[in-house]
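Hey, can you work out the whole structure from these sequences and the hints?
Chains as they are written, first to last, in the working numbering: chain E, 1 to 209; chain R, 1 to 209; chain P, 1 to 209.
Misleading hints may appear alongside valid ones.
A pair holds if it fits inside one copy or across any two, identical chains being indistinguishable in the list.
[Claimed, not checked] Mimicking DMTMM-like on lysine to aspartate or glutamate, the simulated pairs with C-alpha atoms at most 25 Å apart in a straight line are:
id, residue 1, residue 2
1, Lys181, Asp167
2, Lys45, Glu185
3, Lys50, Glu145
4, Lys50, Asp167
5, Lys45, Asp167
6, Lys181, Asp110
7, Lys50, Asp159
8, Lys45, Asp89
9, Lys132, Glu51
10, Lys138, Glu65
11, Lys181, Asp192
12, Lys45, Asp159
13, Lys138, Asp203
14, Lys50, Glu149
15, Lys181, Asp89
16, Lys50, Asp37
17, Lys132, Asp196
The hints are simulated quantities; they were obtained by calculation from the structure and are not laboratory data.
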Amino acid sequence: MGIKEWIIPQDRQFFDLMERLAETVLEGAELLVGFIDDYTDVGSKCHQMKEIEHRGDEVTHEIYELLNRTFITPLEPEEISRLASALDDILDYINGVVHQMHIYGIDNTDPHMIELSKIIHLSVTEIAAAVKGIRIMKDPVSIEERCIEINRLENLADDVLGHAISDLFRTDDAIEIIKLKDVYENLERATDKCEDAANVLSDIAIRHS
Amino acid sequence: MGIKEWIIPQDRQFFDLMERLAETVLEGAELLVGFIDDYTDVGSKCHQMKEIEHRGDEVTHEIYELLNRTFITPLEPEEISRLASALDDILDYINGVVHQMHIYGIDNTDPHMIELSKIIHLSVTEIAAAVKGIRIMKDPVSIEERCIEINRLENLADDVLGHAISDLFRTDDAIEIIKLKDVYENLERATDKCEDAANVLSDIAIRHS
Amino acid sequence: MGIKEWIIPQDRQFFDLMERLAETVLEGAELLVGFIDDYTDVGSKCHQMKEIEHRGDEVTHEIYELLNRTFITPLEPEEISRLASALDDILDYINGVVHQMHIYGIDNTDPHMIELSKIIHLSVTEIAAAVKGIRIMKDPVSIEERCIEINRLENLADDVLGHAISDLFRTDDAIEIIKLKDVYENLERATDKCEDAANVLSDIAIRHS
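Here it is in structure tokens:
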């Protein structure tokens, strides 16, 4: 690193990396929807998911490294690290649930899982668009609207989880309950992580508008 | 927002909102005790709980908004946001466990649940009193004493949880174990969240005394 | 506290306390390995573990207290509190899993538990050495290498957990699944907490080198 890199604002690099991270999370969410919708070739899809998650980790790491060697940042350093960490967390949950279904030996997916995966995909789509929006910051209102939509989707996921668990306890196969409960809960937690990311994006939109 | 609001300290508003939030958490804790003690009308009590939790969310949101548009705050901005978030978390857990019991179709409550709900209520009572205390900050020692009591209650809840789980594994109904274990654990987690709030309150008492 | 203590750097005390905390976590990790390897006298070993955890809490508390009354700190205050809290979390998980095995009435340990406990022990050994390294900060590269090793160990623990859970679901004893799943997961979570500590140590090494 030269002194030049340290002093000259690295705005473009930060926004490029953050968009790349958001696109990687979106790739993960797309794989998840396909995985649950067409539950075949489970092992090979797990492998692809792992590769996406690994790429996400690398971009997150690059963001932290750039942060450590840059003096003038386009957003507060804490905002950058919170956003990167929130995006990374979403991908961790998506990756985690895909592997969990494989490890648990789950044989079939069901409408609750399909619905939850679609909610995750919609949330991540909003997040990726909002991340693009913070670069220009011409339209903080549209970022706010996306964050409100992500909150709505998180509440919806809560309801879907409630119905899924309620249905589950009407069966009497304890081992099936153990397995599916974890899968439903972790899908719902991915939407909590989307809400965390939305909260950071909303803070950024408010402070920099 | 006018420039005036931004410059003139908004101390009274901050403390008013924080006390309102603490009172709302206390309302939730009172409903929880009643819910577990007299486990009837479960659906309608869940509805009331949801309404309390919603009010708590709104006050929390107001605190963050005031923080975003105020320059001179009566406590460090980070202290305010940590405290609001800790109080909100307690209410989330209380609300979560009430809904969980409903969704899981739990038929009866038991002495372990009653004991845990009373511990939560006692802790939140201490927290609400300590939150009142930070406005005047005439008596940091009494805030410290309340925080020590909340820590003691959290340790007590740990012990109650241990006994409850130990008892539970003496039965051989796996589905009942799955359900009750989650309820006990989430009740205990609410006391962990009380301890988090106490830690923030204790930091504030130390720094501003 | 005198004004002198507030102004004169308390570097030695900070590093002494942090090393003492890391050594206490290492003591906990050693007890854990012995506990799982030779699963006898479970009650009395739980008691010893509780005592170690209690000492860890006290040192953590001393670090926070020193932080509150010191003006010039050898690392950023936030780095000190993050590191203390990360070390304390590792010990909490180690203590938690030991008590859990006792409360759950687990009769035997197995090769998965042995492997996970050894991974925890290796990670904590690296952490304790890295904590020693930040005092002198002559060799940030060796701290970095230890952090990379801790990351590798966390990935390894993930794989071990996957195999353990996969094996577990091949049995058909639901209550055994409930118990062992919690134990395996909490052992693996202790390695996540080691990774959190490594991330703080790595940040410190980068910023202060």
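Outcome of the hint check:
| no. | hint | verdict |
| --- | --- | --- |
| 1 | Lys181 / Asp167 | both (11 Å within a copy, 19 Å between copies) |
| 2 | Lys45 / Glu185 | both (21 Å within a copy, 24 Å between copies) |
| 3 | Lys50 / Glu145 | between (32 Å within a copy, 24 Å between copies) |
| 4 | Lys50 / Asp167 | between (31 Å within a copy, 21 Å between copies) |
| 5 | Lys45 / Asp167 | between (28 Å within a copy, 21 Å between copies) |
| 6 | Lys181 / Asp110 | both (13 Å within a copy, 24 Å between copies) |
| 7 | Lys50 / Asp159 | between (29 Å within a copy, 13 Å between copies) |
| 8 | Lys45 / Asp89 | within (20 Å within a copy, 34 Å between copies) |
| 9 | Lys132 / Glu51 | within (24 Å within a copy, 35 Å between copies) |
| 10 | Lys138 / Glu65 | between (28 Å within a copy, 21 Å between copies) |
| 11 | Lys181 / Asp192 | both (16 Å within a copy, 23 Å between copies) |
| 12 | Lys45 / Asp159 | between (28 Å within a copy, 17 Å between copies) |
| 13 | Lys138 / Asp203 | within (15 Å within a copy, 34 Å between copies) |
| 14 | Lys50 / Glu149 | between (29 Å within a copy, 20 Å between copies) |
| 15 | Lys181 / Asp89 | both (20 Å within a copy, 23 Å between copies) |
| 16 | Lys50 / Asp37 | within (19 Å within a copy, 33 Å between copies) |
| 17 | Lys132 / Asp196 | within (17 Å within a copy, 29 Å between copies) |
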